[in-house]
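Colleague: Chain by chain, the residues:
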Amino acid sequence: MIQTDILIIGAGPCGLFTVFEAGLLKLKCHLIDALPQAGGQCAEIYPKKPIFDIPAYPEILAGDLVDRLMEQAAPFKPGFTLGERAESIVKDDEGQFILTTNRGTKHRAPIIAIAGGLGCFEPRKPPVERLSEYEDHGVEYIIKDPEFYRGKKVVISGGGDSALDWTNFLADGVASEVTLVHRREGFRGHPDSVQKVLDLAAAGRIRLLTNGEVVGVQGEGHLDALTVKHKTEGEIQLATDHWIPLFGLSPKLGPIADWNLNITKNAIEVDTLDYSTNVEGIYAIGDINTYPGKLKLILCGFHEATLMVQSAFKRIYPDKNLVLKYTTVNGVNGF
Amino acid sequence: MSTIHVTIIDREGISHVLEAPTDMNMNVMELCKSAELPVEGTCGGMAMCASCHCYVEEEAPGTLPEKSDDEEDMLDEAFHVEDNSRLGCQLQLKDDMEGLVIRLAPVG
Ligand SMILES: Cc1cc2nc3c(=O)[nH]c(=O)nc-3n(C[C@H](O)[C@H](O)[C@H](O)COP(=O)(O)OP(=O)(O)OC[C@H]3O[C@@H](n4cnc5c(N)ncnc54)[C@H](O)[C@@H]3O)c2cc1C
Ligand code: FES
Chain A
1 MIQTDILIIG AGPCGLFTVF EAGLLKLKCH LIDALPQAGG QCAEIYPKKP IFDIPAYPEI
61 LAGDLVDRLM EQAAPFKPGF TLGERAESIV KDDEGQFILT TNRGTKHRAP IIAIAGGLGC
121 FEPRKPPVER LSEYEDHGVE YIIKDPEFYR GKKVVISGGG DSALDWTNFL ADGVASEVTL
181 VHRREGFRGH PDSVQKVLDL AAAGRIRLLT NGEVVGVQGE GHLDALTVKH KTEGEIQLAT
241 DHWIPLFGLS PKLGPIADWN LNITKNAIEV DTLDYSTNVE GIYAIGDINT YPGKLKLILC
301 GFHEATLMVQ SAFKRIYPDK NLVLKYTTVN GVNGF
Chain B
336 MSTIHVTIID REGISHVLEA PTDMNMNVME LCKSAELPVE GTCGGMAMCA SCHCYVEEEA
396 PGTLPEKSDD EEDMLDEAFH VEDNSRLGCQ LQLKDDMEGL VIRLAPVG
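In order, the protein sequence lines correspond to chains A and B. Just so we're aligned: 291 in the working numbering is position 291 of the first sequence, and the numbers increase by one with no gaps anywhere. For the working numbering, count along the second sequence from 1 and bump the result up by 335.
Check the hints yourself; a few may be wrong.
[Claimed, not checked] Interface residues of chain A toward chain B, partial, derived using beta-carbon atoms under 10 Å:
{"hint": "1", "residue": "Gln-41"}
{"hint": "2", "residue": "Ile-45"}
{"hint": "3", "residue": "Lys-49"}
{"hint": "4", "residue": "Arg-124"}
{"hint": "5", "residue": "Gly-158"}
{"hint": "6", "residue": "Arg-188"}
{"hint": "7", "residue": "Glu-213"}
{"hint": "8", "residue": "Phe-247"}
[Stated by the list, open to error] Simulated restraints, written as ranges between beta carbons of each label pair:
{"hint": "9", "chain 1": "B", "residue 1": "Glu-417", "chain 2": "A", "residue 2": "Glu-233", "range": "18 to 26 Å"}
{"hint": "10", "chain 1": "B", "residue 1": "Pro-400", "chain 2": "A", "residue 2": "Met-1", "range": "52 to 60 Å"}
{"hint": "11", "chain 1": "B", "residue 1": "Glu-394", "chain 2": "A", "residue 2": "Lys-314", "range": "58 to 66 Å"}
{"hint": "12", "chain 1": "B", "residue 1": "Pro-400", "chain 2": "A", "residue 2": "Lys-77", "range": "48 to 56 Å"}
{"hint": "13", "chain 1": "A", "residue 1": "Val-332", "chain 2": "B", "residue 2": "Arg-346", "range": "45 to 53 Å"}
{"hint": "14", "chain 1": "B", "residue 1": "Val-416", "chain 2": "A", "residue 2": "Asp-64", "range": "33 to 41 Å"}
{"hint": "15", "chain 1": "B", "residue 1": "Asp-430", "chain 2": "A", "residue 2": "Gly-63", "range": "37 to 45 Å"}
{"hint": "16", "chain 1": "A", "residue 1": "Tyr-291", "chain 2": "B", "residue 2": "Gln-427", "range": "25 to 33 Å"}
{"hint": "17", "chain 1": "A", "residue 1": "Thr-227", "chain 2": "B", "residue 2": "Thr-398", "range": "34 to 42 Å"}
{"hint": "18", "chain 1": "B", "residue 1": "Val-352", "chain 2": "A", "residue 2": "Val-332", "range": "54 to 62 Å"}
{"hint": "19", "chain 1": "B", "residue 1": "Lys-402", "chain 2": "A", "residue 2": "Lys-229", "range": "15 to 23 Å"}
{"hint": "20", "chain 1": "A", "residue 1": "Gly-63", "chain 2": "B", "residue 2": "Gln-427", "range": "23 to 31 Å"}
{"hint": "21", "chain 1": "A", "residue 1": "Asn-278", "chain 2": "B", "residue 2": "Val-352", "range": "32 to 40 Å"}
[Said to hold, decoys possible] Derived BS3-like pairs: lysine-lysine, alpha-carbon spacing no greater than 25 Å straight-line:
{"hint": "22", "chain 1": "A", "residue 1": "Lys-265", "chain 2": "B", "residue 2": "Lys-368"}
{"hint": "23", "chain 1": "B", "residue 1": "Lys-402", "chain 2": "A", "residue 2": "Lys-49"}
{"hint": "24", "chain 1": "A", "residue 1": "Lys-252", "chain 2": "A", "residue 2": "Lys-106"}
{"hint": "25", "chain 1": "B", "residue 1": "Lys-402", "chain 2": "A", "residue 2": "Lys-231"}
{"hint": "26", "chain 1": "B", "residue 1": "Lys-368", "chain 2": "A", "residue 2": "Lys-49"}
{"hint": "27", "chain 1": "B", "residue 1": "Lys-402", "chain 2": "A", "residue 2": "Lys-48"}
{"hint": "28", "chain 1": "A", "residue 1": "Lys-229", "chain 2": "B", "residue 2": "Lys-402"}
Don't read these hints as lab results, they were simulated from the structure. Glycine included, every Cβ here is placed at the ideal spot set by N, Cα and C.
Use the sequences and the hints to build the structure in full.
Modeller: Below, the structure is given as C-alpha cells:
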C-alpha cells in the first residue's frame, strides 16, 4: 500500500505543480497516470509545440514545460504510479481514501486531488461490426509486449508514427507476416519511418495495402481473417492471427464518472473557494473541473492547485495555522 | 462586426442556424463550441485529433479552402469518412461562407 498526504490523479501540468505547492506546506504527494509518462496533454498531444501564455515564458515548448515542472517538483520527491488508471475509491475506518488502479495497485491518502484533464487517453476504435467480440482474442489496440506476436501473422492499420514504427519493428524478425493497411498512399508519420516501410514493402518483407480499409472481422472465438475494402480491387480477405488498429488516442472521462461527484458536461463541479468537490476530501483542479467562468488554461490550473493545497492542509491539520511564506525568503526545503 | 449564417446539423439531426462572426479569427469547430454543440476540439484546432470531423452538406458561394496535407492525413485516420468530409477546425469563417451547411460526423 502506497501512503501519502495528497494523492493526485493525473500527472499533467496541474498535477505536477500541485506537488511543488504541497511541498512548500510539507505535504507529500503521489501521482497516478494512465499514460506511461508524466505531462498529460502537453506530453501526449503536443510536446514539440510552443505555448505562449505561461507567465514569464514568452515562448516554451510544451515538452520543456513538463521537464521544468518535473524539475521544480523534484525536491519534494513525488511518487509515481504510471501506466495505471485510477479505478475505484473507498474510505477506510480512519476516514482515509483507498484508491485502487486497474492493475490492483493500492494507494492510501487523506486527500485526493483529481487533476485528470480531459480524462484517460484511450485508443480510438474503428467502427467495425462485432469488433468488441474479438478484443483480446486477436484484436489489440496497444502493443504491450512485442514478443506476443513472435511467429504470428499480424495486420496493422493506421498511417501515423505508431503504425509505421510497429510495422517496422514487427517485420524485423518478430512476426511471421506483417501487413500494413492504410486508407491512402500518403502517411502522416516521420519521413524516415515512411521510407523504411516503403523499402520493406519493395523488398517483399511486408505487404503494404494502401487505399484499403478493414471493414470486417471473422473467426470462431479468435480472429482468423479480416475483410479489407479496397478502392479499386473491391473486397479482399486477409488471413491473420492478429489485427492491431493504431488510430491514436482520445480522452474519455472514464471511472471518475462513477465516484458520486457532481458532473456537468464531462467536468467536475467545484467550489471556487478551494476547488473542493461535493465529496469531502476530494478536490478537482485543471481541465477536469468546472465553475462559472472556467477557462481550460494551464495558468488557471496552477492558481487552482495553489489554493487547493491550502485547504487540503487545513483539512489534514485542523489545529495548525498556516502563514504565507515567500519562497524568496524561505527557499525551497525539500524532503 | 460582420456575421454570416452557418447551419450546423447535430448528431440527432437537428439543424442549428448560427450567426457566425467573420472578424474574430474563428473556425467552424470553434463556432460549434461557442454554441455549446457537442464538438470536443481536443487538439485545439491543429488538425491532430479529428474530433471536429464534419460533412459539408451544402457549399457556400465561395469555395472552401483546399485541404492541407495535415488535414488529409488526419482525415485518413478518422472514421466514417466521406467525400465531403472536412475538419471543422480547418474551415476558417469567411464572408463568402454565408449559407454553408455542415453536419457533424459521428463521434469516434
Ligand atoms: C494542442 C493543444 C494546445 C494547447 N495550448 C495551450 C496554450 O497555449 N496555453 C494553455 O494554457 N493551455 C493550452 N492547452 C491546454 C492545456 O494543455 C491544458 O489546459 C492542460 O494540459 C491541463 O492540464 P491538466 O493537468 O489539468 O490535465 P492534462 O494535461 O489533461 O493531464 C491529465 C492527465 O490525467 C490522466 N488521467 C485522467 N483520468 C485518469 C485516471 N482515472 N487514472 C489515471 N490517470 C488519469 C490523463 O492520462 C492525463 O495524463 C493546449 C492543449 C492542446 C491539446
Ligand atoms: S480540433 Fe482537432 S482536428 Fe480539429
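Colleague: For the pair supplied as a hint, B/Lys-368 and A/Lys-49, confirm whether the alpha-carbon distance does not exceed 25 Å.
Modeller: This hinted pair holds, its Cα atoms lying about 23 Å apart.
Colleague: Could you check the hint for me, namely that A/Thr-227 and B/Thr-398 are 34 to 42 Å apart, CB to CB?
Modeller: holds (37 Å)
Colleague: Is B/Lys-402 within 25 Å of A/Lys-48, Cα to Cα?
Modeller: holds (23 Å)
Colleague: Should the hint that A/Tyr-291 and B/Gln-427 are 25 to 33 Å apart at their CB atoms be regarded as holding?
Modeller: Since the Cβ atoms of A/Tyr-291 and B/Gln-427 sit about 31 Å apart, the hinted range of 25 to 33 Å holds.
Colleague: Minimum Cβ distance from A/Arg-124 to chain B below 10 Å?
Modeller: Holds, because the Cβ-Cβ distance from A/Arg-124 to chain B comes to roughly 7 Å (cut-off 10 Å).
Colleague: Taking 25 Å as the top limit, are the C-alpha atoms of A/Lys-229 and B/Lys-402 close enough?
Modeller: holds (24 Å)
Colleague: Please check whether B/Glu-394 and A/Lys-314 have a Cβ separation lying inside 58 to 66 Å.
Modeller: Check passed, 60 Å falls within 58 to 66 Å.
Colleague: Take the shortest C-beta to C-beta distance between A/Gly-158 and chain B; is it under 10 Å?
Modeller: holds (6 Å)
Colleague: Holds or violated: 45 to 53 Å for the Cβ distance of A/Val-332 and B/Arg-346?
Modeller: holds (50 Å)
Colleague: Holds or violated: A/Lys-265 with B/Lys-368, Cα cutoff 25 Å?
Modeller: holds (12 Å)
Colleague: Starting from the range 52 to 60 Å, see whether the pair B/Pro-400 and A/Met-1 falls in it by beta-carbon distance.
Modeller: holds (56 Å)
Colleague: For A/Gly-63 and B/Gln-427, compare the CB-CB distance with the range 23 to 31 Å and indicate the outcome.
Modeller: Holds - the Cβ-Cβ distance for A/Gly-63 and B/Gln-427, about 28 Å, lies within 23 to 31 Å.
Every hint, counting from the list given before, is met by this structure.
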